[in-house]
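Student: Add chain B to chain C, keeping to what the hints say.
Quick note, the sequences are listed as chains C and B, same order. Number 40 in the working numbering belongs to position 40 of the first sequence; there are no gaps in the numbering. Number 303 in the working numbering belongs to position 117 of the second sequence; there are no gaps in the numbering.
Keep in mind that a hint or two might mislead.
Said to hold, decoys possible - If you only want the chain B side, here are some residues facing chain C, beta carbon under 7 angstroms, derived:
#, residue
1, Glu200
2, Leu204
3, Leu236
4, Glu243
5, Gln244
6, Leu250
7, Ile255
8, Cys258
9, Ser259
10, Gln261
11, Ile262
12, Tyr281
Stated by the list, open to error - In the EDC-like style, the derived pairs of lysine to aspartate or glutamate whose C-alpha atoms are separated by at most 20 angstroms in a straight line are:
#, chain 1, residue 1, chain 2, residue 2
13, C, Lys150, B, Glu200
14, B, Lys233, C, Asp68
15, C, Lys16, C, Asp68
16, C, Lys31, B, Glu200
What the hints assert, rightly or not - Far from chain C, by Cβ distances over 10 angstroms, these chain B residues were calculated:
#, residue
17, Ala206
18, Glu211
19, Lys214
20, His215
21, Leu216
22, Val220
23, Phe237
24, Leu274
25, Gly289
26, Gly292
Treat the hints as calculated values from the structure; they're not laboratory data. Glycine included, C-beta positions come from ideal geometry on N, C-alpha and C.
Single-letter residue listing:
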Amino acid sequence: MTDIEEDKMFFELWIKGDPKGFSQIYEKYKKRIFGFLIKMTYDKALAEDLMHETFVAALKNSHQFDKDRSLLSWFFGIAHKKAIDYFRHVKVENEHQDEAEKSMGSRIDTPDKETYNKHVNDIINEALETLDPLQKEVFLMRELGGVAFKDIAEIMNCPINTALGRMRLALKNIRKELEKRGIHGV
Amino acid sequence: MECKWWDERGLLYEANELDAQQTSEFKKHLDNCVICQNEIRLYSDQKEALFKREFFEQETSEELDRIIIKECSQQIKSRRISFFMLPLFIKKAIYATVILSIGFGGGAYFSSVKLAIASKKIDNNSTTKVAEFNSIESTQNKKMQGNSIVDISGNKSDSIKPIDSLFDPKKQIPSQGVYQVNLGDE
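Isolated chain C, as found in the complex:
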């Protein structure tokens, strides 16, 4: 059974009122969605709140899900919206005029950062932190969520070429950061 078929099966159970369908989907994707939210916010407590809101919103709007599309893309779309809504709210509260998206990624670091060592996943995550929030979001949706570029463009409400441009810049900037850390040719 493919990933998509499995998702469909669990989603059907969920829609029919069987909580097992939902919990299977949650278990399958929770790490990826939480990883996305952590890296977009750098605040564990906030990411947990947004994670909670994402799944409750998914439940509330489950009838809107197009079963021919990727379930994970749909979750990423909701998580993106929740994060954007939060930062818009913060922006209004702080009376900042910058775009809401620009606020993303500027919050305090996770406590785990103190224990960073120089393993490769730490290096790549450090490189990620240097990215523009919009580039980072496209990169994470693509690499972590496997979200198609056309879906990323739809989620971020931008033309597909803009999404592709952000991804290219993300790759370019990650490369630069890796070279700074002595990693060349990868």
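Tutor: Using the frame of chain C, we list chain B on its own:
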């Protein structure tokens, strides 16, 4: 150095998001473009070595899992019994609609049933046909004759006998009930 083919199609090619014709065109271009070859190689190496999903995933706490699954499961279950949880006046409205629909539908059906059409039970041993039907189209054209109701609407008078033993022939002929009708000789 940059190549517009990479900018416009390279990442889509890598993501398998080009259609067959575009893929074929890009492959032809790739054979002759060192820039695109280099970009594809670098991106593939990065994906393999650095952009592993587990590097970006984040474990959720048991507490968060418990809260989300509990809340969402409760909501899913509550949807199953949502009808019973509707306010009383809405349930009454639903019941009334169903009853009225059945009443009007049934009335329309039975009023259209002619005596002969309604006849399903024919006594083959008798020289007369006996029909059983569930309503009299109109009591205006019926009259009592002994213990029977007689239809005088047509050229031929059909003898209609109420099956319901509780029917009192002295009272007004009910418009609904179970009757027998004598359809006459063959």
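Student: Please go over all the hints and tell whether each is borne out by the structure.
Tutor: Each hint, compared with the structure:
| no. | hint | in the structure |
| --- | --- | --- |
| 1 | Glu200 | violated (10 angstroms) |
| 2 | Leu204 | violated (10 angstroms) |
| 3 | Leu236 | holds (5 angstroms) |
| 4 | Glu243 | holds (4 angstroms) |
| 5 | Gln244 | holds (4 angstroms) |
| 6 | Leu250 | holds (5 angstroms) |
| 7 | Ile255 | holds (5 angstroms) |
| 8 | Cys258 | holds (5 angstroms) |
| 9 | Ser259 | holds (4 angstroms) |
| 10 | Gln261 | holds (6 angstroms) |
| 11 | Ile262 | holds (5 angstroms) |
| 12 | Tyr281 | violated (23 angstroms) |
| 13 | C/Lys150 - B/Glu200 | holds (14 angstroms) |
| 14 | B/Lys233 - C/Asp68 | violated (27 angstroms) |
| 15 | C/Lys16 - C/Asp68 | holds (18 angstroms) |
| 16 | C/Lys31 - B/Glu200 | violated (25 angstroms) |
| 17 | Ala206 | holds (17 angstroms) |
| 18 | Glu211 | holds (17 angstroms) |
| 19 | Lys214 | holds (20 angstroms) |
| 20 | His215 | holds (16 angstroms) |
| 21 | Leu216 | holds (17 angstroms) |
| 22 | Val220 | holds (16 angstroms) |
| 23 | Phe237 | violated (5 angstroms) |
| 24 | Leu274 | holds (23 angstroms) |
| 25 | Gly289 | holds (32 angstroms) |
| 26 | Gly292 | holds (33 angstroms) |
When each numbered hint is compared with the structure, violations occur for hints 1, 2, 12, 14, 16 and 23.
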